[in-house]
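Asker: Model the full assembly from the supplied sequences, consistent with the hints where possible.
Protein chains: 2
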Amino acid sequence: MSQEKDLSRRKFLKSGILAAGALAVGSSIFHTQVAEAAPEGGHCEPAKFPYPYVQRDPEKAKVDGYAGYGKLKCSYGCFEAIIGQLREKIGYPYTHVPTEVLAWGGTGAGGWGTLCGALIGAATAINYTMEKKDADKLVSELLGWYCDFPFPQYEPPAGKALEYEGKLGTSVAGSPLCHVSVSVWCDATGMKAESKARSERCARITADVAAKTVELLNAFHSKNFKAEYKNEAVDDCMQCHGKGRSLENTRGMMDCQQCHTDVDPNDLVDHIKRSWNMLD
Amino acid sequence: MSQEKDLSRRKFLKSGILAAGALAVGSSIFHTQVAEAAPEGGHCEPAKFPYPYVQRDPEKAKVDGYAGYGKLKCSYGCFEAIIGQLREKIGYPYTHVPTEVLAWGGTGAGGWGTLCGALIGAATAINYTMEKKDADKLVSELLGWYCDFPFPQYEPPAGKALEYEGKLGTSVAGSPLCHVSVSVWCDATGMKAESKARSERCARITADVAAKTVELLNAFHSKNFKAEYKNEAVDDCMQCHGKGRSLENTRGMMDCQQCHTDVDPNDLVDHIKRSWNMLD
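Residue numbers (the working numbering), protein chains in the order written: chain A, -7 to 272; chain B, -7 to 272.
Treat the hints loosely; a few may be bogus.
[To be verified] The calculated DMTMM-like cross-link candidates involving lysine to aspartate or glutamate, where the alpha carbons are at most 25 Å apart (straight line), are: (1) B:K184 / A:D247; (2) B:K129 / B:E240; (3) B:K40 / A:E80; (4) A:K125 / A:E220; (5) B:K188 / A:D126; (6) B:K81 / A:E92.
[As the list claims (entries may be wrong)] Partial list, computed: chain B residues near chain A (C-beta under 8 Å): (7) A95; (8) A101; (9) G103; (10) W104; (11) D128; (12) S132; (13) G166; (14) E186; (15) K188; (16) A189; (17) M230; (18) Q231; (19) C232; (20) R243.
These are calculated hints, taken from the structure and not from any lab test.
In this text, all values refer to a predicted model and were calculated from it rather than measured experimentally.
By construction, the Cβ of each residue, glycine as well, lies at the ideal position given by its N, Cα and C atoms.
Answerer: What follows is the structure, encoded as structure tokens:
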């Protein structure tokens, strides 16, 4: 396995650096270099997953997320806002995370309007600091919060907006999908989907999501995270469609009603009768 | 900026290693180490984005993607299938990519059923090797292919299946969303959404998506990639709802009809009349 080979070559190299330190006693400049390198000699070896975390600042995440949107849009913006703060505080291994690799998430994945890109960047940042089983819980909580949050709330300093100055109308998407989030906001505000105002909205959402993600990470890593999100309407549908139930023909937590508009959540008996051709 | 500080510290350290090499002439063991390290001295510095790419094997991606699903599900499986092959061939910087960080994508993001996790892992792997503007094109093409592909096609060797032996029924999701992809398959095959057969299906989808992604990457990096996907039904809707059009109230490329079931794509005049309360 070339990974193993690579690893052992690095261990060899590392021991070489230490050997050089021994050889170089008497050369005070070089001695200083080795003394600095020794405790961190692992820099050349891949860091252990998950990466370390220290408490970070949600307010700074807003500013950095917003700025990141200006560079490579929402998914990169959110990812860089979180990884960037960890890089600043911890250094390696975060210095070796090329945050540009999440830029694909913009416009909900290459223009498709699927999962909001800010969430794609945020979720990946979360997973850097914890195992999948924990990341799943935080990501789920973040998506739930996103569905219910009246975006956007962040406001850049006056005169410093990326695309559009001043207050923007808000809306609650009810969905973690870019396509739905944008469409609901356009309906609520009368703004156009490709306008500068809409792009500004997404920049501010990037700020809001980055800050919430840092809050969740701070809570988790200080053992104060508790999953709170619930969607009772989805739970109702899953009474028949979910795991271990009579139909068990779907998965997920997105609001059912938003797409299944032919089902009245207040009259599920009608839905069942229609589905089974039992209407009078 | 601590990143800059960190970088310059490493340049300093690197020059120290070379200085040590000069000091150590005469020590043949150490000299060998330095000779090996010198051309690759940048290992301790963050690699430049995008990372290098060499032609890889789609068939191996299937096997690795399938195995990866067994470890940490679809998103990790697809990501590891691609990054792992690059790590094996190129070594650094792919040795420093902790592929576990994409595991959150399983079940379409922390259990939500949004973007299929295999696509999340694949898209991130794509973006490691190219800038956003190119990654967007490949990701879009991959999602389009996913919508139209009769999953699953990969078959593990007899007796070696992860969850369910033998052939599985196929379906065309018409969507890049996990929730839709699973539901359509359950409807088509009569299988349960939480069954071992469904999990096996997702493992095989991971294999199929990983292989397609390697094909797209091979094509792009040999200058043979050409975007082909089109969805004319979406284009029809975007004649009013899309960029620069009268409504311009949405974004995205997901099939409209799959959720907007109240619209007959063969009778858009009826849809327009209904929307404007112009029905007789």
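Asker: In ascending order, which of the hints set out earlier in this document are inconsistent with the structure?
Answerer: 13, 15, 16, 17, 18 and 19
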